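Visitor: Based on these hints, arrange chain B on the given structure of chain A.
Protein sequence lines correspond, in order, to chains A and B. Residue numbers for the first sequence follow my numbering, beginning at 1 and rising by one. Residue numbers for the second sequence follow my numbering, beginning at 1 and rising by one.
Among the hints, erroneous ones may be present.
Just a sample of chain A residues kept apart from chain B, beta carbon distances all over 10 Å, derived [stated by the list, open to error]: (1) E64; (2) P77; (3) D186; (4) N444; (5) P515; (6) T568; (7) L575; (8) R603; (9) A619; (10) G632; (11) A633; (12) R638; (13) D646; (14) Y670; (15) L676.
For the chain B half of the interface with chain A, some residues (derived, Cβ under 8 Å), not all of them [claimed, not checked]: (16) G27; (17) L29; (18) L101.
Non-contacting residues of chain A with respect to chain B, defined by C-beta distances greater than 10 Å in every case (computed) [claimed, not checked]: (19) I12; (20) S82; (21) T221; (22) Y416; (23) E550; (24) T563; (25) L572; (26) G651; (27) G669.
Hints in this document: simulated from the structure, not taken from any laboratory. From a predicted model like this one, the values you see are computed outputs, not experimental measurements. For every residue, glycine included, the Cβ atom is placed at its ideal position computed from N, Cα and C.
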Amino acid sequence: MNASDILDYLGIIPLLPLAGAVILLLAGRRIGEPRAGWLATGMMALAFLGSLVALFALLSLPAEGRLQVNQVFTWLPAGTFSVGMGTQADPLSVTWLLLVTGVGLLIHLYSIGYMHGDPLFSRFFAYLNLFAASMLILVVADNLLMTFLGWEGVGLCSYLLISFWYRRNDAANAGKKAFVTNRVGDVGFLLAMFLIIATYGTLEYTAMAPAAEIISAGTATAIALLLMVGAMGKSAQLPLHLWLTDAMEGPTPVSALIHAATMVTAGVFLMCRAYPFLEVSHDASVVIMWIGAITALLAGTVAIVQPDIKRALAYSTISQLGYMFLAIGVGGYEAAVFMVLCHAFYKGCLFLGAGSVIHGNGDNQDMRIMGRYRKFLPVTAFAMVIAWLAIAGIPPFAGFWAKDEILVEAYAHGDYGVWIVGTAAALLTAVYMTRLIFLTFFGNARFEGADAALAVPVVSGGSDEGDPAVATAHGPHGSDGHDGDEDPFEDHPTVVFGEPPRPGRLHGHRPHESPVLMLVPIVVLAGLSAVGGLLNLPFGKLDFLHQFLEPVFEGAKGVKATTAQKLTAEGLSVLMALIGVSIALLVYRRGLRSPDRDPLVDRLRPVSTLTGSAYYWDAGVTRFVGGPGERGASWLNRVFDARIVDGAVNGTAWLFQRAGRAASRVQDGYVRRYALGILLGTVAVVCFVLLWAGR
Amino acid sequence: MTLAALEITSSYYLVLAAMVFTIGAVGVLTRRNVLVMFMCVELMLNAVNLSFVAFARALDDVTGQVIVFFVLVVAAAEVAVGLAIIVAIFRRRRHATADDLLALRG
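Just chain A, with the same shape it has in the complex (with noise of 0.2 Å):
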């Protein structure tokens, strides 16, 4: 079996979760808790397995043959135009396999231990493995409409995990909120797809690049914006980011492995696929790349007063996201694809991180009361502290390379513009990230009893039964159960921007170490964030990824940056994380003074309540949605669709009516009138032959 024989089999690997989640959902309380998850871990490590074939496979074809579509079966023929199912094996679909399946894998070996006693524990790998299939189906389609039924699956899946604690209101709501924000995205989605349709009549990733040429600049221009409308919503950025925030609602291996890793990457990777027209359309790309710029600054501004570990990380993600679309509109897609990789590494670890300490401190999330936790979570807090380095983009760790390969290539794209704002994103990224992880694992302990916790030496982390000397924290998702309903944080385990912090709910316990289970993905994930530069280092043909990627975007009009210029965008992009995490360290480096005065947010007002707020922009629409906009569904719902859609149908349905009863009178039962009927009908026919036909 050769190497393309291998690669028209690609189709397996999305069956292998889906085949999980099927049999997951029908019998999944009868295969119990550690099996279920095991049985998802163990579809998910078989799908790595098979997207490493799949990867020795390409590699094995020469540069230029690394592209295999395979057409499995025709799903909508439709006269001319037709919509396959089929698989399609090149470069970025291979690296986005990986990407899913290998961070899938060890986030779902994270959630075993975390959903650990949760009542719908196998229902939750479900849905993570539903969730796996749909991603690996976006990846490996070989046209538009089975990549958006990937995506739509993929948004059904966070619906779902979003709302997984579907009890709590708050759950529940961001999940319609991420639903519905994701439906205004995919509108622009369709209408590219009919766009596409009615000027090639096909959906073909292949046909693109050719087609792309011999279209007018508008023509592409539209294509790329409407596609881009779609990855908005997907990938969070603005103005379509409010559902993000809100989707931490979800429990955290979702927030890691769907809102940050790989589902928010899906609209890059649309991007990616849409590269031609971007190629064709200048107009589309400076577009593309001021709204990645905006984002990265703008989500930036709001990270670094945020009291939610959670909350600053969602912020943290729609900023990175903003990176790799900048890095779309200057043409570098193989450093946004490189960024893709990297983020997926260290806020992969951040989250799971996070996680960990949210699992071990009673569910809170709120930063003003943690502090000096590195004593209680030492393996969480080294992981952690390496993912804020590479986050950081201090070299020579993961986020250092690829977020200044896109810097670069933004500087010698000669858009300064951004350029510019992107590097004061990178000053805002090492601040919010300092902050976090001073507030958490250094400074001061703030939460409550931690004079007794610290008095008492730390004998072993690790062990979810903590030891014997001091009772540990329980979550929800401890042996406690789910029963807590009237609990605040049960509620409401989100701290907003300006709540005043409540008081934890460690009830006397200290906070505790992850078991291994939990702790193996981290570490793994913070190894990745340290060495994932080695992918594609600058240096003269050790940018294997960029050399990788090179065929899929053929024609892309990349830049090659000069020594110098790299130097200038990357000295200055060092210089930027350095000052930023000296700023945070000369505020945070203490911890805070007292749980309810953050010096940033203090010194800065009212600017810090601006941010905090995130510009209101969620503030606005809710109350743009809930008032106006509630007002005028309402008014279209009362005169629009009850006078002039449903007087449309209900007029056509009583004209009908008339007419029938009326044509109705003619049968009256009596044979004899129907006979006279037939012989007038004849002699007519026959005059008619007569009269006029024989002539």
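Guide: Chain B alone, transformed into the frame defined by chain A:
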């Protein structure tokens, strides 16, 4: 007027066929007894058969006669079914006329 002059041409047959057909058609339209209406339909069929045979003879073409066989076969089948229906109706109601059968009125 001699007997030889009275040659029976096909027009005679056609006129007879037209008369029989008209009798049948009027019968179907005016009579209410289902059995009689049925017999009138048979009259119309046979009128048509007669004209077919007349044309076959006049044009010296056997096709017309072949069609008559078809019509006879179909008529026989129709009689079987039709009589069965009529018997069913008569079993149900004693003095059923066609006008009483209004169940399918629109």
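Visitor: Next, verify each hint and record whether it holds.
Guide: Results for each hint:
no., hint, verdict
1, E64, "holds (73 Å)"
2, P77, "holds (42 Å)"
3, D186, "holds (49 Å)"
4, N444, "holds (90 Å)"
5, P515, "holds (77 Å)"
6, T568, "holds (88 Å)"
7, L575, "holds (90 Å)"
8, R603, "holds (86 Å)"
9, A619, "holds (63 Å)"
10, G632, "holds (47 Å)"
11, A633, "holds (44 Å)"
12, R638, "holds (38 Å)"
13, D646, "holds (29 Å)"
14, Y670, "violated (6 Å)"
15, L676, "violated (6 Å)"
16, G27, "violated (10 Å)"
17, L29, "holds (5 Å)"
18, L101, "holds (7 Å)"
19, I12, "holds (60 Å)"
20, S82, "holds (45 Å)"
21, T221, "holds (60 Å)"
22, Y416, "holds (81 Å)"
23, E550, "holds (74 Å)"
24, T563, "holds (91 Å)"
25, L572, "holds (87 Å)"
26, G651, "holds (23 Å)"
27, G669, "violated (4 Å)"
In this structure, the hints that do not hold are numbers 14, 15, 16, 27, in rising order.
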